[in-house]
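S.K.: Listed here are the chains, written in short residue letters.
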Amino acid sequence: MVYDGILLSLLIGFFRGGSLKGLAYMKLRGGWLFPILLGIEVCIFLLQNKVSMIGELSNALFIIIYVIGLVFLWMNRHHPGFIVIFAGVLLNFFVMAVNGGRMPVSIEAAQFLGREYIEALKAGVYGKHEAITGATWLPFLGDIIPLSPPYPRRQVISIGDVVMNVGAFIFIQHLMLHGTNKEATSVQTLHEGR
Amino acid sequence: MGKSFLVLLLKIFYKMRVVYMFFLTYLRSKNYVKAYLVMICLLGIVTFIWKVNFRAQSLEDWVLIYVLSGSILLLNNFLIHLPPKDNSFSMDSAIYLASMFLYGIDLTINVLLISSVIELMYKRKMAWWKHVFNFSMYCLMLVGAYYSFILFGGTIGKVNTYNLLPYMISLVVYFSLNIAFMLIFFFISGQIFKGTFDMGVLFESVVSYFVTLLLSLVLTILLKEQRYFGLFLFTVLVVLLSFAFRKFLYLYQDISERANKDHLTGLYNHGFFKETLSEQFTDAKKLKQPFCLALLDLDDFKKYNDRNGHLQGDRLLQFFGDLLKLETKGTNYVVARYGGEEFAILMPNTTKKEAFSFLDRLRKKVNDTYFAGVEHVPYRCLSFSCGIAEYEKETYDSGELIHKADQALYYAKAQGKNNVQVYDDKNISLDAITFKEDLDTLEQQLKIFLSKDVYTYRHSKRVFKYALEFSEKLNLADHEKQTLILGALIHDIGKIEVPRDILNKEEKLAPHEWEIVKKHVTWGKEILAVEKRFDDLIPLVELHHERYDGKGYPHGLKEEEIPKLARILCIIDSFDAMTTERPYQPTKTFEEAIEEIRCCEGKQFDPIYAEMFIEMIEENYLKKHRFAAT
Numbered sequence: 006m007v008y009d010g011i012l013l014s015l016l017i018g019f020f021r022g023g024s025l026k027g028l029a030y031m032k033l034r035g036g037w038l039f040p041i042l043l044g045i046e047v048c049i050f051l052l053q054n055k056v057s058m059i060g061e062l063s064n065a066l067f068i069i070i071y072v073i074g075l076v077f078l079w080m081n082r083h084h085p086g087f088i089v090i091f092a093g094v095l096l097n098f099f100v101m102a103v104n105g106g107r108m109p110v111s112i113e114a115a116q117f118l119g120r121e122y123i124e125a126l127k128a129g130v131y132g133k134h135e136a137i138t139g140a141t142w143l144p145f146l147g148d149i150i151p152l153s154p155p156y157p158r159r160q161v162i163s164i165g166d167v168v169m170n171v172g173a174f175i176f177i178q179h180l181m182l183h184g185t186n187k188e189a190t191s192v193q194t195l196h197e198g199r
Numbered sequence: 006m007g008k009s010f011l012v013l014l015l016k017i018f019y020k021m022r023v024v025y026m027f028f029l030t031y032l033r034s035k036n037y038v039k040a041y042l043v044m045i046c047l048l049g050i051v052t053f054i055w056k057v058n059f060r061a062q063s064l065e066d067w068v069l070i071y072v073l074s075g076s077i078l079l080l081n082n083f084l085i086h087l088p089p090k091d092n093s094f095s096m097d098s099a100i101y102l103a104s105m106f107l108y109g110i111d112l113t114i115n116v117l118l119i120s121s122v123i124e125l126m127y128k129r130k131m132a133w134w135k136h137v138f139n140f141s142m143y144c145l146m147l148v149g150a151y152y153s154f155i156l157f158g159g160t161i162g163k164v165n166t167y168n169l170l171p172y173m174i175s176l177v178v179y180f181s182l183n184i185a186f187m188l189i190f191f192f193i194s195g196q197i198f199k200g201t202f203d204m205g206v207l208f209e210s211v212v213s214y215f216v217t218l219l220l221s222l223v224l225t226i227l228l229k230e231q232r233y234f235g236l237f238l239f240t241v242l243v244v245l246l247s248f249a250f251r252k253f254l255y256l257y258q259d260i261s262e263r264a265n266k267d268h269l270t271g272l273y274n275h276g277f278f279k280e281t282l283s284e285q286f287t288d289a290k291k292l293k294q295p296f297c298l299a300l301l302d303l304d305d306f307k308k309y310n311d312r313n314g315h316l317q318g319d320r321l322l323q324f325f326g327d328l329l330k331l332e333t334k335g336t337n338y339v340v341a342r343y344g345g346e347e348f349a350i351l352m353p354n355t356t357k358k359e360a361f362s363f364l365d366r367l368r369k370k371v372n373d374t375y376f377a378g379v380e381h382v383p384y385r386c387l388s389f390s391c392g393i394a395e396y397e398k399e400t401y402d403s404g405e406l407i408h409k410a411d412q413a414l415y416y417a418k419a420q421g422k423n424n425v426q427v428y429d430d431k432n433i434s435l436d437a438i439t440f441k442e443d444l445d446t447l448e449q450q451l452k453i454f455l456s457k458d459v460y461t462y463r464h465s466k467r468v469f470k471y472a473l474e475f476s477e478k479l480n481l482a483d484h485e486k487q488t489l490i491l492g493a494l495i496h497d498i499g500k501i502e503v504p505r506d507i508l509n510k511e512e513k514l515a516p517h518e519w520e521i522v523k524k525h526v527t528w529g530k531e532i533l534a535v536e537k538r539f540d541d542l543i544p545l546v547e548l549h550h551e552r553y554d555g556k557g558y559p560h561g562l563k564e565e566e567i568p569k570l571a572r573i574l575c576i577i578d579s580f581d582a583m584t585t586e587r588p589y590q591p592t593k594t595f596e597e598a599i600e601e602i603r604c605c606e607g608k609q610f611d612p613i614y615a616e617m618f619i620e621m622i623e624e625n626y627l628k629k630h631r632f633a634a635t
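Residue numbers (the numbering used here), protein chains in the order written: chain A, 6 to 199; chain B, 6 to 635.
If you're looking for bench data, these hints aren't it; they were derived computationally from the structure.
Note that the structure is predicted; figures quoted are calculated from it, not measured.
One or more hints might be untrue.
Claimed, not checked - Pairwise CB distance ranges (calculated):
| no. | chain 1 | residue 1 | chain 2 | residue 2 | range |
| --- | --- | --- | --- | --- | --- |
| 1 | A | Ser153 | B | Lys334 | 23 to 33 Å |
| 2 | B | Lys229 | A | Ile69 | 41 to 51 Å |
| 3 | A | Ala128 | B | Val223 | 44 to 54 Å |
| 4 | B | Ala61 | A | Pro154 | 27 to 37 Å |
| 5 | A | Gly119 | B | Arg232 | 18 to 28 Å |
| 6 | B | Ala61 | A | Ser153 | 23 to 33 Å |
| 7 | B | Val223 | A | Leu25 | 37 to 47 Å |
| 8 | B | Asp319 | A | Leu13 | 27 to 37 Å |
| 9 | A | Ser153 | B | Val223 | 36 to 46 Å |
| 10 | A | Leu13 | B | Lys252 | 36 to 46 Å |
| 11 | B | Trp134 | A | Leu143 | 23 to 33 Å |
| 12 | A | Met80 | B | Ala264 | 15 to 25 Å |
| 13 | A | Met31 | B | Ala61 | 42 to 52 Å |
| 14 | B | Leu169 | A | His83 | 48 to 58 Å |
Each residue gets a CB set at the ideal place from its N, CA and C atoms; glycine is no exception.
Produce the entire structure from the sequences given, and follow the hints as far as they go.
M.R.: Given below as structure tokens:
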């Protein structure tokens, strides 16, 4: 879903006459954090069913990754859209935190994703997700929104994901349409000052 | 629809000034506004707590709630602009209503909560209490609409096209509540309404209400048939429409800007200025706020043009226009190019002292600003002369204000240019020769009465004589004295247009005849307005039949609203009318007339001047009579 959103933003950005040049000027504070977090997350996915210790700690690890991610977003909140991404991640984080580190998924919404998926979900071993039950807190913040045709992919997402995507959309639109202009004007004023 | 409806309603109630003014005096207090806001907010929040239920919704319902809230946020962002003015409205009410018809009040209230919270977070420029007020208002509107829908037999969850009554009723309730809440708010909060009540605007808003109503039914059917796709279609459609309308709006604004602005300087043009002036003037009059008008004239612009050429002259005008714009930035002043090298500044809420200090500072700044070619003008620097006139209670139309500012400007020019003058009666008195000339001209005009109505001729002459004597006694500036005397001579000139039969009729006048007689003040004004130098006399001619208690004609002004000189002239005029023989009334002696004037003090006449006039008559006439008698 996140990648779909970014792709869509790029397409619309081109459509509105933006360019990728702006992306080059993107300056993020603590930008190095991002790939590392992604790497750790992938490692946990791969290893949690093989190494039992990581499996036990995975919930706590996810929470820690989320917290670092949130700090990173907060540090960059002056960029347009980042505060919205922050809000989205916070929503996801919140529902995971109150449910022991796992994202609750609605079984009804996930029906069409396939039997194996549902089984894995119910067994509690599928990635960072778990099924919504009567004991789940704040179920409406979980993965309850089914995406199905005409949307090209089948997926279940949460409201936090949607908000996150809106933020990413705003940020990419800003980079593609206004990112370069800023540099140009600052050069010009320097020139005039002399 | 909250904020956008607010704007729309503001436009309507802007127009309902008359009713509003009545309330203003009673309700103009911050406390009422606060009390009202707190009351509505409490009411709304209590209703919300009563109706809200987070657990009643299934997860599927929550998906619906998210989607509905998302659509509402989109629609609030993409408003529909109506080109004639910058009215805009949002279609969010259509979604709320459709959701209420189909899914009931619980779910709709949750949608309202989510979209309100997000609006609160991302429209941080809007004061938080406005968000809360909006939320509460919507709560009450929705609950009201819901129960009226149920009451009239509507069923939640299906579209019943055989019984449209409950839909209609609940729609009407929804919008009536909206209008009522906003109306009360505007009445209490005391915003200034411009213009008069305008059916066009009302019609416009009714149309936009209707569009929303019908769309809510359309959306209900769409949602029922194809839940998400229906909503998607609706939202996309409205967003696209919003784009299209926005283009129209820009086009319209562009054109109207061009019509209102002066091409060269980018300031407002003469026509727009006049329009704004008369609007602001009525506002200042109603609200009793200070209000100033300044006329600026570039000094020796003709010489500058002659030496540097017209192209350079245009550049100077442009430059000066930019300067004025820059200096008035951030104020509520309206700057216009009044004529060739004449500029005008409208200063609402400004006293003449403030206006003077502002303009004098501006003048010095202009003096210090170099512009190519100023070496060739006498002062060797850029300069302007300026006249300021402040609105006073006695100023009765905007033309008079312009005239005063113009006179002050002339005086400033006469004082050697490059200075700022505030209008003052003392400064503009005519010299003896001009006064004599004016007097002669007016006498010539009056002579026409010799053949038509000799009574009016003699009456005018006598009033002139009394005015001459009375003005000596009054503490008036020279110019005011001259104005009173000239005005007394010419005050009945409009009677030229009244048929002789009516003027000399012995019986009581028929209503239509009386209407004709009443018109003589207006005709007189028109006759005098032909010559610019008599502009000062116009108030005397037009208003000498106004009464102190407001029951006179032509405007029904009262007390201080009537110019001082017109009040004085009214006394003299009436005194002579009482004491002279007329075909239709018995003559009074001077003593009886004095009694009569005393009686009418505070009703027809200004008590202070009436008393002074009586004193003057007793001194100048009655003593002599007694003398003669003994």
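S.K.: Could you tell me which of the numbered hints above are not met by this structure, giving the numbers in increasing order?
M.R.: Hint check: 1, 8, 9, 10 and 12 fail, others pass.
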